[in-house]
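Enquirer: Per this note's numbering, the sequence shown starts with residue 1, numbered consecutively.
It is worth saying that the hints were derived from the structure and are not from the lab.
Where hints are given, some of them may not hold.
[What the hints assert, rightly or not] Think about it this way: if two alpha-carbon atoms lie no more than 27 Å apart in a straight line, the pair counts; the simulated DSS-like pairs of lysine-lysine are: (1) K88 - K45; (2) K26 - K79; (3) K79 - K21; (4) K26 - K45; (5) K46 - K26; (6) K79 - K45.
[To be verified] Derived Cβ-Cβ restraints for the label pairs, each shown as a range: (7) S77 - E30: 16 to 26 Å; (8) S22 - G86: 24 to 34 Å; (9) P82 - L32: 24 to 34 Å.
The structure presented is a predicted model; accordingly, all values stated were derived computationally and were not measured.
For every residue, glycine included, the Cβ atom is placed at its ideal position computed from N, Cα and C.
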Amino acid sequence: MMEADTKRNCKSCFQVERRSKSQISKLVQEQLQLETNLVDDTLFKKRMDICLSCPSLSSETTCLHCGCYVEFRTKLSYKNCPHPSGAKW
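Given these sequences and hints, build the entire structure.
Expert: Quick look at the structure:
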């Protein structure tokens, strides 16, 4: 069962997350400026809604299956949901 804890071990690096949601959002926006294959805002919102309701979301920012910030992954047209039982989007 998921805890309401804001500090969790990162799947990718096993370090404790120490970034706020606003810091993560800023990092994501900076990285998205380097990307060219992005989905439109409507599809991004649909994907984000699915991720935000997923029990595999940690700290409202991070996918526990791949370690990605969902705000970043959901905006990329060439990515899909990494859920082991099948992509949710």
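Enquirer: Cβ-Cβ distance between S22 and G86: within 24 to 34 Å?
Expert: At 32 Å between Cβs, range holds.
Enquirer: Does 24 to 34 Å hold as the CB distance between P82 and L32, or does it fail?
Expert: Cβ of P82 to Cβ of L32: about 19 Å, so the range 24 to 34 Å is violated.
Enquirer: Starting from K79, check that the Cα of K21 is at most 27 Å away, please.
Expert: holds, 22 Å
Enquirer: Check the following: the C-beta atoms of S77 and E30 are separated by a distance inside 16 to 26 Å.
Expert: With a Cβ separation near 19 Å, S77 and E30 satisfy 16 to 26 Å, so the hint holds.
Enquirer: Tell me if the straight-line CA distance from K79 to K45 falls inside 27 Å.
Expert: holds, 15 Å
Enquirer: Assess, step by step, whether the Cα of K46 is no farther than 27 Å from the Cα of K26, and give holds or violated.
Expert: holds, 21 Å
Enquirer: Next pair to validate is K26 with K45; report whether the Cα-Cα distance is within 27 Å.
Expert: With a Cα-Cα distance of about 18 Å, the restraint between K26 and K45 holds, given a limit of 27 Å.
Enquirer: Hinted pair, alpha-carbon criterion (27 Å max): K88, K45. Please report holds or violated.
Expert: holds, 14 Å
Enquirer: Given the hinted pair K26 and K79, is their Cα-Cα distance within 27 Å?
Expert: holds, 20 Å
Comparing the model with each earlier hint shows a violation of hint 9 alone; every other hint is respected.
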